[in-house]
Every structure is written in structure tokens, then in C-alpha cells.
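Which chain is which? The protein sequence lines are R and W, in order.
Residue 3 is where the first sequence starts when you use the working numbering, and the numbers rise one by one after that.
Residue 3 is where the second sequence starts when you use the working numbering, and the numbers rise one by one after that.
No wet-lab data here; the hints were simulated from the structure.
These numbers were taken from a predicted model, which means no experiment stands behind them.
One should not assume that every hint holds.
If chains are identical, the list can't say which one is meant, so a pair holds when it fits in one copy or spans any two.
Below 30 Å or equal to it, Euclidean Cα-Cα: the simulated BS3-like pairs (lysine-lysine) are [claimed, not checked]:
{"#": "1", "residue 1": "K39", "residue 2": "K335"}
{"#": "2", "residue 1": "K39", "residue 2": "K367"}
{"#": "3", "residue 1": "K39", "residue 2": "K16"}
{"#": "4", "residue 1": "K367", "residue 2": "K16"}
{"#": "5", "residue 1": "K335", "residue 2": "K367"}
2 protein chains.
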Amino acid sequence: MNNAPTQAKLSEAKTRGTVRVVGAGLLGTSIGLALTKAGVDVVLDTQSPASLALALEYGAGRAATPSDTPNLIVVCVPPETTAPIVARELAAFPGAFVTDVASVKAEILEQLQATGADLTRYVGGHPMAGRERGGAISGRADLVVGRPWVISANAQTAAAAVTALETLATDLGATPVHVAPIEHDRAVALVSHVPQLVSSLLAARLADADGRDLALAGQGLRDTTRIAASDPAMWSQILKANAEPVAEILEDLAADLNEVIAALADITAPGSAQEVTRALEAGNAGVSRIPGKHGATATTYATVVVMIDDRPGELARLLTEVGQIGVNLEDLKLEHSPEAQIGLVELYVNPNSEAALIADLTLRKWRIAA
Amino acid sequence: MNNAPTQAKLSEAKTRGTVRVVGAGLLGTSIGLALTKAGVDVVLDTQSPASLALALEYGAGRAATPSDTPNLIVVCVPPETTAPIVARELAAFPGAFVTDVASVKAEILEQLQATGADLTRYVGGHPMAGRERGGAISGRADLVVGRPWVISANAQTAAAAVTALETLATDLGATPVHVAPIEHDRAVALVSHVPQLVSSLLAARLADADGRDLALAGQGLRDTTRIAASDPAMWSQILKANAEPVAEILEDLAADLNEVIAALADITAPGSAQEVTRALEAGNAGVSRIPGKHGATATTYATVVVMIDDRPGELARLLTEVGQIGVNLEDLKLEHSPEAQIGLVELYVNPNSEAALIADLTLRKWRIAA
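Please put together the full structure from these sequences, using the hints given.
Printed below as a string of C-alpha cells:
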């Protein structure tokens, strides 16, 4: 964990007045939780009494009442219902700014323009955070911490609306990023929507596979297919609203895929092996362009791997001693499998602490993996 | 962690005699390191003096000498050179069993059959472990711990050769799995080779992308493209040697991809949205079939998420109390970000223990995240 002096606390929220959150799914609940913890008055409104009850129990806010006078309204409903609900909220609360969290922005803006809504008080938003598990049950106060929060103003958006959303995003620990609706949709087609579909198409190969083959699955398959567990109903709405940019990228991918298939089908022909190598090299070039974790500058921690006996209390004993040694733990991963007699604990520390930690742990008879 | 009595320790290796490791890349170095730690005499032979020097410095064994009399030889060289080097080793060491670690098995066996090598002493192998970073520099003694190690005997392989490889795999903490060469290649086409190519093709989309678009990248993109950083030279050899099974699966994927593209290109047409939903649902079905961590049988653990203050020692204190409560921790994940004042600790426990653990932790004033 981090010892560094805390520069900004969630408890010093700059958001003023009441925030009204419409919808109590993953994002609504998470935003409500985080704002409530930060001392902001949150009122929750949702069509589902069960979701509302759960969100209230979580501490994500209080139930909306007719006398609420929110300054800011955050619409956290599925993409297809976002525009009508934003329009309804703009009309019902003429003194409030309204934002949303939908994964697509251009189509929602078009729909709103068609309603004649007061777009000066609307500013589109998209916190770049999600989980493959949705719903209030997965809500958590830190969901957007360290993530980009896209602020997608339209031509009429008032500056004060932009400021209100910037303040909210910052209060929640996210990083505001200004992107116009069409540019946003093109970007998320590339970094989110296409990866979702490709992961789903890849995972679909496994549906009828032999269980013995699947027993050989390693981390590569798990990583490439993790998001294939996402909610189809939600994602088909997103993809429908951003179909054209997604289709364009997929067409390029299909062309490359067909070349690779042709090369593999006649692998001894001149040029075939090089074609496969080229595809792999292009992948290298692409992945190298992804910025560090959470879109922030990559931070490199040193990793110290400790092998611990597979018995209760060993991990606690290790961490107690790491604390005694006085090294800050930045992150921790546990690798453990039912078959193995040992567990592997990856301790992520500041590179400056690495040598001393290894020396001290070795002195204390811990086994450091090479 | 598991309470089961410890059955075998790395320090009680059952492998007898000298093990000769040919090649000092990721796998050769890792196997040498682990065997040396377990007290086995390891001799290293490699064409590259630089790799040899590094592997020796790591403690992965001693340099090979003309007087070595290995019982077992592990050939850890790229796929294309595996068969000739296995044949050379079989001829040079008539008293030794020879295995390899290549990611393809059928073509290597065919090549060996063509050489007239003594196949009674050869048993194919494939430890299902790797990293996107290769080379001796990435070697680690725990590389294969908890992973399946495919043992791929041919029709002539002596039972004693199979036993020698089983013993080696078990000594290194891996789980031996018996799979015939052709079945192995079909299985890894599905769980490893196709995911590699798909990840590369997906990542290739990013090569010419706008940096501002990439700043919005989240965990989904990172997970789906992580293995696209793998070595193209190594992977093109693997794919070349397993081209047909890989091409077959990719053809199915291409057919599905084309249907999705057609649906997205005319998304308002009847049936288009359903086509996209079907693709996402097929992904759900596929990913649900991947067994639990490290290829073991899928076990569903309950997850208890505890919010801890971001200060040193809190995690150790929590785990100490979990130990006192007497609940077995099956796995643990720490979610922590530099900006947040709290860390989230996900405790994975047997579902039967969940309610009691939540009750006891709550009594002890730990905050359970909903």
C-alpha cells in the first residue's frame, strides 16, 4: 500500500449541492457510493424497486423525493434509453445540468437534438470503467479511480456544465478528458468495441470444444477471452449505436485474417511463412502503442516473487514481515493452484526498495523465486 | 491457501542422475534453475555463449563437459531445430531418455521418424507455460509450477521414458497430462495458437492509431492484446508447424466475423441486431467453458471484498484475522490504486464459508464491500 502523503481525499469533494443519479446499475451505484462517501448529497431514482433497495442498502444515496433540487443529474441507464431519459431530466429539472455515462455519444446527441431538448445544460460523459460483471451488485466506490472520464460537450453546452462534470469526475478520482462525440465514438470503436467483439468471436470457438483440450488452457486464452463474459444485451445496444466505425475496423481485421488463413492453408508456398510473421510483427507494433496502466504514464514497479508453503497463515506472516521491514507494498498478486504445494506471492515495490527487501526476506528465511 | 498436508516439496526431487538441458532460453533456463534449486545435477549446453554465460550466472546449472552421462535430456530449442537436435542427442547419449518442450508435437515426431532415430528413448513434452517476454533473462524457477505439462509419447516410447518425464514434471511442480501428438496439436491450436494470432491481428489495428484514441484504452484492450507482444520468430515457427488445425479454426472464426460485419453494416435491417447479440452470447457460452485457474477443474469460490485503509500493515492484519477465524483462503486479489484512500481485498473462499466469514469480519469491524 502507498505511504505517500495523500494529496486529495475523496472526503474533500468540490461538487456542491445535490447530485441526482438516475439508474442504479454498476455505474449508478458506484458513482452514488463514491459521492456519498465524499459527503455529497446523492438522490437515487431508478425504475427497478429491487435495484433501488439494493443501492440504498449499499449506501449509494437516498431515495429521490419530489422536493429534490439537484444541481447535477447523472443518467446511468442503458444506451438505448439514455437520450429519452436525459431529455426527460432536462425538462423536469430546469435548474440542473445533465450528463450521462453511455459508451456511445454521437447517436445520443442526435436523438437529443431531435427532441428539441435544452442542450446548453447537457454535457455528454463516458467514464472509461467497467467490469464484465454488471449490476448494482458489482458497484464499488473506486470504480472510476484513475480512469479517463470522457467529457463530450456539444456545440451548445454551457461552460458551467462542463465545469460541473469536470468537478464530479475529479471528485471521484477520474481524469477528465475532452473529446467531441464523433471522435469519442471512433476512439472507443478501436479501443473497446472491436476488442469486445473479437474476444466474443474468439471465445465462441470454445463452446463446442473437447473438455480435455480446454484443460490445457493457459493465461493467454484467459486474458484474450475475459471480456467475452460481458452482458450481450448491453453490448448489442452499444454496438448498434456505433455500428459503422466498428464495422470499418472489423473489415480491415477480416482482410488481414483472410491473408493469414490463405498463408496457413498453403504454408510451404513461397511467402506464406513471411505473411504469418508479418501479422505477428504488426501485432507487436500495435500493442507497443498502448499507454501504461489506466491510461496514465506507465509506472514500473519491481517484482519480488516469494514462494510460500501452502498452509494457512503463511501469507499473513509474510505480509507482516514485509511491514516490519518497512517496505511499501504497491500491489500484490497471489498465484496459487490446487495442485501445487507452494503459493507464489508477487510483491510489487518501488525499484529502490527491491534489493533491500530481497536481502531482508532472505535473512528471514523466505524463499525468493528467481 | 490450502490446508491439505504437503505431499512433495521442490527440495525433495525424485529425478535421479544428471539432467542435460540443451538450449538456454526461457524454458531451458527456468527448468535448469528449478532443478538446480531442487538439488539435481544440471548440465547446460547451448550454441550461444552469451546465453550460456547468463544461464550459468543465474544458477541454472553447470556447463556441459565431454564426460557427462545424463539420464535425461531436455531439448529446449525453437520448434524448427527441435527434431534435428533431439536426433543428435539420442545418437550422442545412447543411455539417456530425450524429451523436448516444443509447442507442436506431430510434425517433430514425423521429422524424427524420417531420421530413423531410436524413438523408444524419445518422449515428446510440452510444459504449458510461457511468458510474452522470452529469453534466459525472463527465466524463473517457478515458471511451470501448477501448469499442465503435456507428455506426448509415440507408439515406440518406452514406459521408463514416460516415467522419467513424469517425475521431472512433478519435481518442477507441474501436472503431467498425457496427450497423443495429433490430439495435442489440435488442442493447442484452439487454446493457444488461434488466440495468439487473433490477439496479434487485433493489436495490429492500433499500429497507426491516433495517440489520443489510445489514451482511452482500458483493461479490456490490455488483456486482449497482451500476448500480441510475443516473439514473431518463435511464433511463426509454431504456426508453420501447426498450420492446418489453426487455419481450420480461423476459417470458422472468419465466417462468424463476416456475419457480424454484414449485420453491423446494415444494423437497422431485420435480424441485424439479433445477429450481433447472438455473437456476444456465443462468446459467453465459450468463455464459460474455460476451467479454473491453471487448467484445474473449475471451482466456484465465493468472493468477499474487504475495504482496508491504505496504510502499511492493514493487509497483514486482515489476513491474520482471516487465519484466526479459520477460513481457508483459496485465492486473493488486491485492487489498489495510488489515488484511492482504500484498498479492496478480494478474498476467495469456499461458498460454505462465505456467510460465516462475512459475519466474523463484520464483528471484527472490517468493512465488507457490497
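Inset, instruction - Would you pick out the hints that fail for this structure and give their numbers low to high? - result: none
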